[in-house]
Amino acid sequence: MENEQIKTIFEKEGITSEIQCTKAFEISEKYGVSKMEIARYCNKNNIKIRACQLGCFK
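Under our numbering, read the sequence shown as residues 1 to 58, first letter to last.
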């Protein structure tokens, strides 16, 4: 999935500067975005992933 698509999803979900790990998992399932793509997008765009459950996002 391209960054613009993920950006659109994040905007739709109201995510601007941080996201909870559970929300990242939810978005992954709901929109078919891999967790790794979400992590890369967050890292690239300085979006903090909070309350990480399994160390999937760093």
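Calculated directly from the structure, the hints in this document are not laboratory data. Take the hints with a grain of salt, since some may be wrong.
[Said to hold, decoys possible] Subject to a maximum C-alpha distance of 30 Å in a straight line, what follows is the list of computed DSS-like cross-link-like pairs (lysine-lysine): (1) K7 with K48; (2) K12 with K48; (3) K35 with K48; (4) K44 with K30; (5) K7 with K23; (6) K12 with K35; (7) K44 with K12; (8) K23 with K44; (9) K12 with K23; (10) K23 with K48; (11) K30 with K12; (12) K7 with K35; (13) K44 with K7; (14) K48 with K30; (15) K7 with K30; (16) K35 with K23.
How the hints compare with the structure:
Restraint check for K7 and K48: satisfied, since their Cα atoms lie roughly 14 Å apart, inside the 30 Å limit. A C-alpha spacing of about 18 Å is found between K12 and K48, which places the hinted pair at or below 30 Å, so the restraint holds. For the hint pairing K35 with K48, the CA-to-CA distance comes to about 14 Å; that is within 30 Å, so the pair holds. Our distance criterion of 30 Å between C-alpha atoms is met by K44 and K30, whose separation comes to about 22 Å.
Of the supplied pair hints, the one linking K7 and K23 holds, its CA atoms being roughly 15 Å apart against a limit of 30 Å. Straight-line distance between C-alpha atoms of K12 and K35 comes to about 18 Å, which keeps the hinted pair within the 30 Å bound. Using a Cα cut-off of 30 Å, the hinted pair K44 and K12 holds, with the two alpha carbons roughly 19 Å apart. Of the pairs offered as hints, the one joining K23 and K44 holds, with about 18 Å between alpha carbons and a cut-off of 30 Å not exceeded.
Between K12 and K23 the alpha-carbon distance is near 13 Å, which keeps this suggested pair within the 30 Å criterion. For the given pair, K23 sits about 12 Å from K48 by alpha-carbon distance, which is consistent with the 30 Å threshold. In summary, the hint linking K30 to K12 is supported, as the alpha carbons are separated by about 12 Å, within the 30 Å threshold. Using a Cα cut-off of 30 Å, the hinted pair K7 and K35 holds, with the two alpha carbons roughly 14 Å apart.
For the hint pairing K44 with K7, the CA-to-CA distance comes to about 11 Å; that is within 30 Å, so the pair holds. Distance check on the hinted pair: K48 and K30 sit about 20 Å apart at the alpha-carbon level, within 30 Å; holds. A C-alpha spacing of about 15 Å is found between K7 and K30, which places the hinted pair at or below 30 Å, so the restraint holds. Between K35 and K23 the CA atoms are separated by roughly 11 Å; this keeps the pair inside 30 Å, and the hint holds.
Taken one by one, the earlier hints all hold for this structure without exception.
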